[in-house]
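Chain order of the listed sequences is A and B. Residue numbers for the first sequence follow numbering that gives the first Met the number 0, beginning at 0 and rising by one. Residue numbers for the second sequence follow numbering that gives the first Met the number 0, beginning at 0 and rising by one.
These aren't lab readings, by the way, just hints derived from the structure by calculation. Where a beta carbon is used, it is the ideal one built from N, C-alpha and C, also for glycine. Accuracy of the hints is not assured; some may be wrong.
Some but not every residue of chain B turned toward chain A, in silico, with C-beta under 10 Å [to be verified]:
(1) 4
(2) 8
(3) 9
(4) 31
(5) 33
(6) 41
(7) 76
(8) 86
(9) 331
(10) 332
(11) 344
(12) 349
(13) 446
(14) 468
(15) 480
(16) 521
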Amino acid sequence: MDLVSLSSTMLYSAFVLYLIATIFFSATIGKKRKESNKGIAGKIGITLTIIGFIAQIVYFITRWIASGHAPVSNLFEFMTFFGMTIVFAFIIIYFIYKLSVLGLFALPVALIIIAYASMFPTDIAPLVPSLQSHWLYIHVTTVSLAQGILTISFVAGLIYLIRQIDQSVRSKRTTWLEIILYSLILFVGFIVTTTAFNLMNYNATFEYPSGNNVLTSEYTMPAIAAPSDGTLITEDVMQPWFETPEWMHGVDAGRKFNTLIWSFISGSIIYVLLRLLLRKRIGAAIQPLLKGTKPDLLDEVAYRAVAIGFPIFTLGGLIFAAIWAEEAWGRFWGWDPKEVWALITFFFYAAFLHLRLSRGWHGEKTAWLAAGGFAIIMFNLIAVNLILAGLHSYA
Amino acid sequence: MNKIKCECGHVNPEGTVLCEACGKPIEGNQHIEGNDEKKLLNMRYDGTARRSQTYNKSIIDKTWSFFSSVKVGIWLIVLALIASAVGSIFPQEIYIPADAVSRDPAIFYEERYGIFGLIFYQLGFHNLYGSWWYMILIALIGVSLVICSLDRFVPLYKALKKQKAKRHETFLNRQRLFSETEVVSGDEIQKVKARLKKQNYKVRDEDGHILAEKGRFSRWGPYVNHIGLIIILLAALLRTTPLFYTSEYVWVREGQQMVIPGTKGEYHIENKDFTIENYDENDERFSDAITQEGGMVPSNYQTDVVIYKAEESSVPGAEPELKTIIEDDIRMNHPIEFDGYTVYQKGYQLNEFTNMSFKIHETDDSNEEALGTFTIDLTAPESEYELDNGFRVELGQYYPDYYLDDNGEPASETNFPRNPAFVLMVYPPGSDQAEISFLGIGKNIDATGENEYKVGITDFEMHDVSGLSVRKDYTLPFFGLGAAIFMIGVIQGMYWQHRRIWIRPKKDGLLLAAHTNKNWFGVKKDIEKAISDTNIEMVDDQQELDEQN
Ligand code: HEM
Numbered sequence: 000m001d002l003v004s005l006s007s008t009m010l011y012s013a014f015v016l017y018l019i020a021t022i023f024f025s026a027t028i029g030k031k032r033k034e035s036n037k038g039i040a041g042k043i044g045i046t047l048t049i050i051g052f053i054a055q056i057v058y059f060i061t062r063w064i065a066s067g068h069a070p071v072s073n074l075f076e077f078m079t080f081f082g083m084t085i086v087f088a089f090i091i092i093y094f095i096y097k098l099s100v101l102g103l104f105a106l107p108v109a110l111i112i113i114a115y116a117s118m119f120p121t122d123i124a125p126l127v128p129s130l131q132s133h134w135l136y137i138h139v140t141t142v143s144l145a146q147g148i149l150t151i152s153f154v155a156g157l158i159y160l161i162r163q164i165d166q167s168v169r170s171k172r173t174t175w176l177e178i179i180l181y182s183l184i185l186f187v188g189f190i191v192t193t194t195a196f197n198l199m200n201y202n203a204t205f206e207y208p209s210g211n212n213v214l215t216s217e218y219t220m221p222a223i224a225a226p227s228d229g230t231l232i233t234e235d236v237m238q239p240w241f242e243t244p245e246w247m248h249g250v251d252a253g254r255k256f257n258t259l260i261w262s263f264i265s266g267s268i269i270y271v272l273l274r275l276l277l278r279k280r281i282g283a284a285i286q287p288l289l290k291g292t293k294p295d296l297l298d299e300v301a302y303r304a305v306a307i308g309f310p311i312f313t314l315g316g317l318i319f320a321a322i323w324a325e326e327a328w329g330r331f332w333g334w335d336p337k338e339v340w341a342l343i344t345f346f347f348y349a350a351f352l353h354l355r356l357s358r359g360w361h362g363e364k365t366a367w368l369a370a371g372g373f374a375i376i377m378f379n380l381i382a383v384n385l386i387l388a389g390l391h392s393y394a
Numbered sequence: 000m001n002k003i004k005c006e007c008g009h010v011n012p013e014g015t016v017l018c019e020a021c022g023k024p025i026e027g028n029q030h031i032e033g034n035d036e037k038k039l040l041n042m043r044y045d046g047t048a049r050r051s052q053t054y055n056k057s058i059i060d061k062t063w064s065f066f067s068s069v070k071v072g073i074w075l076i077v078l079a080l081i082a083s084a085v086g087s088i089f090p091q092e093i094y095i096p097a098d099a100v101s102r103d104p105a106i107f108y109e110e111r112y113g114i115f116g117l118i119f120y121q122l123g124f125h126n127l128y129g130s131w132w133y134m135i136l137i138a139l140i141g142v143s144l145v146i147c148s149l150d151r152f153v154p155l156y157k158a159l160k161k162q163k164a165k166r167h168e169t170f171l172n173r174q175r176l177f178s179e180t181e182v183v184s185g186d187e188i189q190k191v192k193a194r195l196k197k198q199n200y201k202v203r204d205e206d207g208h209i210l211a212e213k214g215r216f217s218r219w220g221p222y223v224n225h226i227g228l229i230i231i232l233l234a235a236l237l238r239t240t241p242l243f244y245t246s247e248y249v250w251v252r253e254g255q256q257m258v259i260p261g262t263k264g265e266y267h268i269e270n271k272d273f274t275i276e277n278y279d280e281n282d283e284r285f286s287d288a289i290t291q292e293g294g295m296v297p298s299n300y301q302t303d304v305v306i307y308k309a310e311e312s313s314v315p316g317a318e319p320e321l322k323t324i325i326e327d328d329i330r331m332n333h334p335i336e337f338d339g340y341t342v343y344q345k346g347y348q349l350n351e352f353t354n355m356s357f358k359i360h361e362t363d364d365s366n367e368e369a370l371g372t373f374t375i376d377l378t379a380p381e382s383e384y385e386l387d388n389g390f391r392v393e394l395g396q397y398y399p400d401y402y403l404d405d406n407g408e409p410a411s412e413t414n415f416p417r418n419p420a421f422v423l424m425v426y427p428p429g430s431d432q433a434e435i436s437f438l439g440i441g442k443n444i445d446a447t448g449e450n451e452y453k454v455g456i457t458d459f460e461m462h463d464v465s466g467l468s469v470r471k472d473y474t475l476p477f478f479g480l481g482a483a484i485f486m487i488g489v490i491q492g493m494y495w496q497h498r499r500i501w502i503r504p505k506k507d508g509l510l511l512a513a514h515t516n517k518n519w520f521g522v523k524k525d526i527e528k529a530i531s532d533t534n535i536e537m538v539d540d541q542q543e544l545d546e547q548n
């Protein structure tokens, strides 16, 4: 077996192991089970998680050897690595606080992110000159580690919210909680549709003008939104319903917009089906299972993860990033959207810490802030590449 | 000043909330930290008197109070956050793409993004991060940082130095972690003390009143990190002065040697060769990805250069002598440095024309035998060329980068010889009547159709041009220092915690209380370890948990 296929097998194994570990972690909650059985389930869960993590490290190392550079240079590699750091952060926090329920939520988040990553081209790509620097690895790995740890803060906050928010009446808080859960389901929607159309080998090609050139765009999902001014040149496929707004520029803006629409459609369908099945808000359905968890411990974890993650984020996302930018471009700071959003993340968590320390924002407020921080991180990982880049015509 | 004397004998400055020595809440001042409404004492700054909370009369007092409020600080941070986010919606002015219809921001934003673009531009978001109000916002955060830190640091420092092990009863029972034990033996207390010491607590015992403390230095973390931030802001200020920072961009042709701008003529650069390399598309590892990218993925941009330093010649007034100081290549991620200057590979232009050679022949001559030849150096064209056999050629018009503009008139798109075209006036020997020819690449037009002589391109040479950026930045060490101090500060404040455990004897038993600035889980574990197999009650967490509401 060659290295590249060994590498992808290992990633696949890690994925499956995390999935099984999640099932064991789900046996650690609920009222009916015996405490001793919960303990055993938790132990098996964390063991499987660690084995999965090791498998993912093997994936990482073998891919590194195969390509000659650390696999953190495109969206697939980077997001996969982010999934790995979430698991790593979870393992660390688990051994500090022995809180099994974290695994039940942290692993699915990691799973969604890894699955999301593998929807993007997975070919090993060579490094363009601007990326050929050791600072690339140093910067990306520290940022990613920090984001993994901050994700654990979100996970703890999310469990806190599901456990604590009064579900007997509908309120702003229940609605926002549903929005958080719905957003996570949108990722599942994206993964399901991408996989389904991939299996069908769907393909439709568009031509569209860009400046003085005519470009082509390959859709792998039926076109709901065509590129702006685009013409469909594949026959016997679905006709687009409308065109992508003109102000969405950038490479393949139409295709990305179309994918977004599909993710919303399929994610919403999944959400509605779940609601019909459960006959209540998703938050309300999970809530009773979490009665055994201690809210102040969750609050502590949500804060502690930020206390650990914030310095690492500053180091990787601002300081190492600046050193690298200085070496590559001769400017340590250039106000490009990625940099701006790293700064926004930094400001956000600085505000988080001050609110907690000086204004006594504990418990639920901390939990909402942790969710807000995660939203900013995901925005920087996904939207800045896919949406702002579209507006900025780069990438 | 109205000093306040506590019943323990300690004299506290005006505005103190909790006695610096024994921690007893000082009557009449409890509203300052909101202690009057809650069971638990607010331990934020150990109840010290802060200027901002104490004086509120003069304008200075009010300004001081305003900037020392963390609420204000957070608002400033949040405003900066929102502004930054809005500024990232559309590209900043410097990132307007080269292929835009117009790079004039007044046109670009509206043309491309419609009404939102127009609003974005008119509100000045297109140059947000250099705008005066964004800078003022950041400066205000700086002011707030300084005042806020001073307001708290000094009193907190004093209070933590003065604190006594002997604490007032209300101080203990209004801590978040608290327990009361009825009967304890002296042995057990000794055991607890020994165990706390083993966990690296500094233990003080004043007549049976015990204070175990560790990680106090972590309390200075926030102040250290704020100092780091202030240094960074000052460095940013310095950077706006040309004394500390200059930046130039130069285009250097292959073979060209020139003075490096911004170095006062002291340094010269010679471009020996520019190369661009692509990945081998047959490389098995990358072939799929390269195909996806359309077959060309660059692997290297490189300029081989020689840097010279001009040495004052010993003869006054003579040309300075150039001494080679560096012979190296500049690549991305591999700039070269000398004497505080750094030179970066930034851009390139392939295949510009260096010179073009022409011959003149009779229009009817099918052999096109040359009657005369000349060469135009495109980097320094002359206005007239005298040929050996009496011909004279005047350069009527020269378009370095020829195109037909909107009116169908010939024009030059740039000043770089990328697509040169010429209007040549050919004066045959002895004649002062010129024949006009228009010549370009693939074009040779005779204006009247009656020319006796024709000009043809016989040869040309080409070169590449490197775009190099030259910087001098003496602020980098300051930024580095600020960043390092910031990191030390956050790590100090975040990865260590200030934990205190108090024991106060009471009849046969004792009161036990603990406080930490973060990680309550950790301090509880410490206490559990210290009191295990003694009679002492484990502390209760008295926090008003918000799950009750
Ligand atoms: C972006 C700018 C800022 C950053 C990155 C920053 C960072 C920090 C950090 C990391 C802490 C420690 C928090 C903790 O231990 O949980 C802290 C504490 C603190 N900061 Fe800031 N800060 C900033 C701006 C400000 C401003 C503008 C103010 C003033 C209003 C301020 C006032 C404080 C105070 C009062 C503390 C608590 C000190 C203590 O309890 O001893 N900070 N800051």
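Status of each hint after checking the structure:
1. 4: At 29 Å from the nearest chain A Cβ, residue 4 of chain B fails the 10 Å test, so the hint is violated.
2. 8: 31 Å, violated
3. 9: Given a least distance of 26 Å, the restraint on residue 9 of chain B is violated.
4. 31: Since the shortest Cβ distance to chain A is 14 Å, the answer is violated.
5. 33: 9 Å, holds
6. 41: 8 Å, holds
7. 76: Holds. Min distance 5 Å.
8. 86: Check passed: Cβ of residue 86 of chain B comes within 7 Å of chain A, closer than 10 Å.
9. 331: Status holds, d = 4 Å.
10. 332: 4 Å, holds
11. 344: With a closest approach of 8 Å, the residue 344 of chain B hint holds.
12. 349: 15 Å, violated
13. 446: 30 Å, violated
14. 468: For residue 468 of chain B, the interface hint holds, since the closest Cβ of chain A sits about 5 Å away, which is under 10 Å.
15. 480: 12 Å, violated
16. 521: Holds, about 9 Å.
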